[in-house]
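Same order as they appear, the protein sequences are chains Z and X. Heads up: the first sequence is residues -14 to 380, going by our numbering. Heads up: the second sequence is residues 11 to 433, going by our numbering.
No lab work stands behind these hints, which were simulated from the structure alone. Don't take every hint at face value.
Said to hold, decoys possible - Examples of chain X residues toward chain Z, derived with CB under 8 angstroms:
| id | residue |
| --- | --- |
| 1 | Asp129 |
| 2 | Tyr130 |
| 3 | Phe133 |
| 4 | Pro162 |
| 5 | Arg185 |
| 6 | Gly202 |
| 7 | Arg203 |
| 8 | Asn206 |
| 9 | Trp207 |
| 10 | Glu208 |
Claimed, not checked - Pair by pair, the computed Cβ-Cβ distance ranges are:
| id | chain 1 | residue 1 | chain 2 | residue 2 | range |
| --- | --- | --- | --- | --- | --- |
| 11 | Z | Ala138 | X | Pro173 | 33 to 41 angstroms |
| 12 | Z | Ala108 | X | Ser238 | 15 to 23 angstroms |
| 13 | X | Lys114 | Z | Asp141 | 46 to 54 angstroms |
Don't be surprised by glycine CBs; every beta carbon is placed ideally from N, CA and C.
Listed below, chain by chain, are the residues.
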Amino acid sequence: MRRRDLLLALAGAATLRAQRDPSYDRSVVKQTRIDLRNLGYPPEDVIPPDESAIRALAIAPDGAVYGATSGKRSHLFVLYPQHGYVQPLGVLPGVKTVHHSLVVSTQGDVFIGGSTGVDNGGAGYENYAGGHLLKYAHRNDEQTQISIGHPLAVADLGAPVPGDGIYSLAIDRKAGTIYGLTYPHGHFFSYDLSGSRFRTHGQVATERMPGEKFENEYAIGRALAIDDDGIVFTSGQGGRFYRLVPSMGALESLNLYLPAAPGREVYNRVDAWADSGGLLYGGTSDGYLFRLDPKTLRVENLGKPLDQARIRGLAFVGDTLYGAGGDDDEMARLFSYDRARCTYQILGMIDVNHRPYYAWQAYVVDALAAGPDGTVYVGQAERKSNLYLYYPESK
Amino acid sequence: MKTLAFGLLISAVTSIAQPRQVRVEAHVFPGLERMDGNWAALYAASDGKVYAGLAYHGGDGHLVYYDSNTGRMHDVGNLTELSGESALRRGPQSKIHAKFGEGKDGRIYFGTHAGLWWDYARFATKQGYPGAHWMAYDPKTSKVEDFGLGVPNEGVNTGAYDPQFNRIYGLSHPRGHFVYYDVAMRRAVDKGRINNWESICRTLGIDDRGYVYGCFGEGRVFRYDPRSDEIRELSVRVPIRPKGISLGRDYYKSETGWRTVVWDTQSRQFYGVDESATILFSFNPYEGVDGEMKRLGELSIPEFRGRRDVPYATLSLALGRDRKLYYGAAGREFDYGGSAAAAASHIMTYDLNTGRTDDLGEMVLADGRIVLGTNAADVGADGTIYFMGAIEVRPEKGKPVEAAGKVGDTWYRLALLTYRPNP
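When you get a sec, could you build the whole thing from the sequences and use the hints?
Structure representation (C-alpha cells):
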C-alpha cells in the first residue's frame, strides 16, 4: 500500500467514531432552549403513529394551544400552558388531514377545516364529497379523561366547496369571518360566523403548475394573512399575490409576485404568514422570507434564511420572527429574524436530546405558533410526531 | 503430597497466565485491505458461497463472496459502480450495512448504505448521499441487478429479506423510516418514521408467517404485517438494562433495544441479545396476542457480568446446526477504527438444549494473532460458523502495512473468520 493511500485509509478509520458524536449538538437547537411533549400519555393514551402528524396549530385568546393531526385519522388536542402537557381531545369525524386549517374565535370556539390529503397530486379526491368546516366548543377540557379514539363532539358547518378539501384557514376575529382556500382546486371562500353562511370568491389557480405528466398540483397558497383593515392575502397561479377586500367581495389577482429566482415564479407559493406592526411577513415554498406592506403593496425580499426549500411556519415573539424551514425530504431547521436589526440567526435542527430519558428529532415540521408567554410551539409532521417547545432567549 | 500441591499451583498459575483460546481461520480480501468495517452484512448461502459487504468510509464499499467449495475469495464489485453512480461525484455507496437474504430464485438480496454523514450538513443537498439502492446478485450469471434508488438521501441501516413475500425490508438512516422493496411488484415503499437517530433498531427479525419485527422506544417491539401493510406496536418488552449511556461509549449507542435476533425454525421463536448488557432472551411471537419474551442469561464475556462497562453488544449472533447459539463477544468496546484500544474477542455459546453458557475463549489465528472484534455471524450448511470482523495485522520490516487502520495501537484489516464446532 502506498503511503498516501495508507494515510487516506487512516483518515477514514479515524472518522468512524465521529459519525454522530457530541459535536453534532452544534448542529441542533441549543438543548437548554428546547423540549418536546408527547401527544398524550404514552404508551397507551397517546395519539398513535400514522395519526399524529401536526399540520395545524392555533393559539386561543386565553393562551391555550390547539393542534390538529393528520394521517389515517385526525385528532384535536390542546395544551394549556399552565399544565404543560398535551391533552388529546378526540377524533375529528370524517377527517384525515387538517392542513394549516385551525383557527380560534374570540369566544374560544375552535374551527377546523378537514380534507382527505394535501400536496399529493390530488389523490383521493376522485369521489370525495368535500371537506367540512367543523366547530368545537370546548367545555371543561381540563377535567376530561384522555380517551384515545373516541369521536370528538363537533358541530358540522358544512362543506364550502363540494369535492374539495380545506387547505388553509384564517380568522378575522373582529369581523367574525373565517377565510379559507380549498385543495386541490384553490377556491377561495369565506364563512360568516354570525350568519353561518359560506361564500365563494373565485379561484387562486385554475391551471396546474408546469411539470411532468405525473405532476398534478396547482400553485395554491398554503396560508392566508389578514391585515389590520381586514384585507386577506395569499398567493396563487404564477406566484402572484391574491387579495380579497371583503367589502368588494371579488378575489383580485395582483400584478405583484412572491420573491423568487427569475423563472421559478410559477412554482412559488406562500407557505406561512405572520404579522407585526401593520406589515405582513411571509415565507415561500422556495424558502424566501419577505415583507409585504398591505397598504402600499410593496414587497421586500428579505432573503433565504436556510439553504433549503419551504418556510413552513412563522410567528413573532416581540420583535423577533421565528420560523421553521425544510421540505419533506430535508432536515427541518429553526431560524429567527430580528425585525429591528434585519439579521438572521440560524438556530439549528429541531432535535430534543434529553437522554437517557427521551430523545427525538423532528425532520419534518409543518406548523408553528407562539404563545402569549413567548414560547414557540413547533408541530412535527411525521408518522410519529411530537409537539416541540422552543424557549427564546430573552434580550 | 507436596509434589501434587506444587503441580496444582503451577497449573493454576499457567491457567491465569494463558487465557483459554479458540482457534479460528481467517480469510482476508486480497486487494481490499483498506476496507474498514463490516456490520451485519454476512450471509452463508445454500450453495456454499458466503457473502459479505465490506465498508469503506469516504469511498466505495464492495460486495464480496467466499466460495467454501473452492476456498477462493471473489470481489463482485464496487457498490458505487454497481449503482451506476460513479460519475455523480456525490456521497458514495460505502456499505452494505444490513443482512442479506436468499430468494427462492437463488438470488442474494440487499440494500446499500452511506459511510459518512457530516453531521447531516449535506443531507438532501447536491453534495450529499443520493440514497440507498435495492439490489440482487445472481450467482448463476454473476451479475448484480440494481432495482434503483429506493430510499432517497438515506441509507439502509438495517435490513432483512423475506423469501416468502419476496421483499427486502429496511430501516433507513438517519430518519429511521421503515422501508421495503417488493421485488415482484418492483415497488419501493416508505412506511414512515419508527426510530430516532440514536436508537435505530439494528436488526429486523422475520418469522415464518412473514411478520417483520423490530424494536423501538425503551425495549418495545413493533410488528409489520405484509398482508395488511400495517405496523402495530406490541405490548412485549425486550429485557434491557436500565437505560443510560456508559462513559466511553459512542454517543449514538442508545442501549434501548435488541442488538440482534435470529429465527429458530425448530422452536419457531427468536433468540437475541440486547444492546446494553448482552442480555440473552427468547421471543416467541406465537405466544399470546403479542408474543412472549423470556430472559435466558447473558452472553458477554463472563468477567464483565454485573459490571457497567460491558462492551456494547455485537451483531455476531448465529444459531448453529448443533442447536447452540454462537456469539462473538467483544473483549472491550469495539467498533473497528473507532475503538479506543484492542482486546481479543471471544466466542460465547448458549446450548438451547441444556441452557448452558460457555466461553470458548479468545479468538486467535494459527499464527497467534488475535481477532479484535466481530460484527456479523452466520452458519453454513455444513455447520461452519462464520464471523466477519477485524484481525490483528503485524507490520513486517521493509514491507508496507496492509491494513485498514488501527484499533487502538494495533493495525487491523477485515477478514472472514471460520470456526468449525466439534463434529
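Right, here's what the structure says about each hint:
1. Asp129: holds, 5 angstroms
2. Tyr130: holds, 6 angstroms
3. Phe133: Nearest chain Z Cβ about 5 angstroms off; hint holds.
4. Pro162: Constraint on X/Pro162 satisfied, holds at 6 angstroms.
5. Arg185: holds, 5 angstroms
6. Gly202: holds, 3 angstroms
7. Arg203: holds, 4 angstroms
8. Asn206: holds, 5 angstroms
9. Trp207: Result: holds, 6 angstroms to nearest chain Z Cβ.
10. Glu208: Holds: closest Cβ of chain Z sits about 6 angstroms from X/Glu208, inside 8 angstroms.
11. Z/Ala138 / X/Pro173: 33 to 41 angstroms: Since the Cβ atoms of Z/Ala138 and X/Pro173 sit about 50 angstroms apart, the hinted range of 33 to 41 angstroms is violated.
12. Z/Ala108 / X/Ser238: 15 to 23 angstroms: holds, 20 angstroms
13. X/Lys114 / Z/Asp141: 46 to 54 angstroms: Hint holds: Cβ distance 52 angstroms, inside 46 to 54 angstroms.
Taken one by one, the earlier hints fail for this structure only at number 11.
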